[in-house]
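The listed protein sequences derive, respectively, from chains S and A.
Taking the working numbering, the leading residue of the first sequence gets 29, the next gets one more, and so forth.
Taking the working numbering, the leading residue of the second sequence gets 305, the next gets one more, and so forth.
I should point out that these hints are in silico values taken from the structure, not numbers from a laboratory.
Any given hint could be a false lead.
[As the list claims (entries may be wrong)] Simulated crosslink set (DMTMM-like; lysine to aspartate or glutamate; CA at most 25 Å straight-line):
1) A:Lys463 / A:Asp475
2) A:Lys491 / A:Glu518
3) A:Lys480 / A:Glu518
4) A:Lys463 / S:Asp106
5) A:Lys529 / A:Asp484
6) S:Lys219 / A:Asp362
7) A:Lys414 / S:Glu223
8) A:Lys365 / A:Glu524
9) A:Lys436 / A:Asp475
10) A:Lys430 / A:Glu492
11) S:Lys315 / A:Asp369
12) A:Lys463 / A:Glu477
13) A:Lys365 / A:Asp517
14) A:Lys430 / A:Glu477
15) A:Lys480 / A:Glu528
16) A:Lys374 / S:Glu223
17) S:Lys261 / S:Asp106
18) S:Lys219 / A:Glu385
19) A:Lys491 / A:Asp369
20) A:Lys430 / A:Glu336
21) A:Lys491 / A:Glu307
22) S:Lys219 / A:Asp403
23) A:Lys463 / A:Glu524
24) A:Lys491 / A:Asp517
25) A:Lys365 / S:Glu223
26) A:Lys365 / A:Glu523
27) A:Lys463 / A:Asp484
28) S:Lys219 / A:Glu492
29) A:Lys414 / A:Glu438
30) S:Lys219 / A:Glu359
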Amino acid sequence: MPSQGFFRGLGKVFWRKSSDTTTEHTETQKEINRIPGAEFSSRLDPWWWLVVAVALIIVFLLVFRADPYLDILLFVRDGLYITVILTVVSIVFIIILGIIGGLGRVSNNPIIYLVSTLYVEIVRGIPLLVQLIWWYFAAPVVIKAIGELLHISALANYRSNAIFLAILGLVVCYGAYMSEIFRAGIQSIHKGQMEAARSLGMSYMQSMRYIVVPQAIRVVLPPVGNEFIMLLKDSSLVSVVAVADLTRRGREFMATHFNPIEVWTMIALLYLIMTLFSARMITWLEKRRSQR
Amino acid sequence: MSEPIIRIENVHKHFGRVHALRGVSLNVERGEVVVILGPSGSGKSTLLRCINHLEVYDTGKITVDGILLKSAQNINAVRREVGIVFQSFNLFPHLTVIDNLVLAQRVVRKRERTESREIAQNLLVKVGIAEKAEYYPGQLSGGQQQRVAIARALAMNPKIMLFDEPTSALDPEMIKEVLDVMMALAKEGMTMIVVSHEMGFARAAATRCIFMDEGQIVEEGAPEKLFSSPSQERTRAFLSKVL
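Extracted from the complex, chain S is given alone in its bound form:
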């Protein structure tokens, strides 16, 4: 979460030149400022200006072209909310599934390895859109059929929940990619770490839990952040399967007002500001971690 220091850092990036002459600097601060670009290393990366620029464009449109841009924003507001919730909830489960899948992919147990490899290979071979459609249209039929077959009324009377099935589809698909990221992360940890843990009497799972996985998580932070941004964008696909996300709300607005340029420019800008902001937050997180 952005702390006070975060906003102060933001201010320093954009108003640094003027503040240089007015605010007092310690000797070390002056020392640092002599090195070109070094001042950013302890603060924020300069690409925050792009986030601010896009935000300014949006604000400009909302203030000076309130008709139709403000109307569009108010209309798609709940879709924006759905998109954010969908992405955040999904990424939590994707990371959990990724850790499980990654452990499976490095397992010495042939059955666990086979199952996790099959999962990764099959899921990665099917387009996300097709998977989402399958979960929405086909899965409920399968669930009902199983329920009827086994006489479980809870399943037989299953009523599909679009958001739940969309999250399920995203988690299953992205979980496969995340498994590969975690596999690589786990394998990047020197095998001496596992040996040291095992030689102290820890079991395989204890060694993974306390020694290997915590180190692997640090390694995979950049690619996981990347996945998060891709997920944020790919979540627009759920608009096809009856989820009223940002994209679907945009389409609904366009259907009544017939102004594609304004609607889709606004939607694009909203996605853009979210992804740019996420990217900067991830960079900030990485930097903070590497300082340890």
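Given the coordinates of chain S, work out where chain A should sit on it, guided by the hints.
Just chain A now, with coordinates in the frame of chain S:
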């Protein structure tokens, strides 16, 4: 004489086509300090790693403190009795020095937090780096890291300590601080097997020296005797290069 604490009988080990151990037999008594020498690739590290099952041997028998190394259950029982110190330290970089010592005590020995911290602190005093308890391994010198690694192994109260070239990755001026700790440990009567080329340590602390070559024990004896008048030509050739 009592039952040897480690009994190795005719152990063979292959790495693919490489025959790394060719019928090694060795008994180690309680309180002995055995130093193993030999050229690289002679199988000395492999032998050491077989004792706590980091390497799985193909045929033969290894018994540690009366426990035959065979099933997974036995392996964990043996590992609780055997501490190992690696050439590359293998400290846990994401944990502080004290947590490196505490973790396995809590997870494996199920000790209370306060008790395990006390044991850890005492061991850090013993190896002379109590003031670094809250540092991360990356902030320590190689010699300090290796002393932490020794303390970490000792925190599990092992009956046997294995050292796999503990000073080979260290700068010359740091070797002594690690050897001093090992020397003190030997004086306390710890059973130790040390793969090392530190002749000074071997002379001062070893009860027995073993020379290995091509996966076999070529010669063994008291350090003075082995160094001054080796009986085998291969031992002589090796010693003339390292001494």
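Determine which of the earlier numbered hints do not hold for this structure and return their numbers in increasing order.
1, 2, 3, 4, 11, 12, 24, 28
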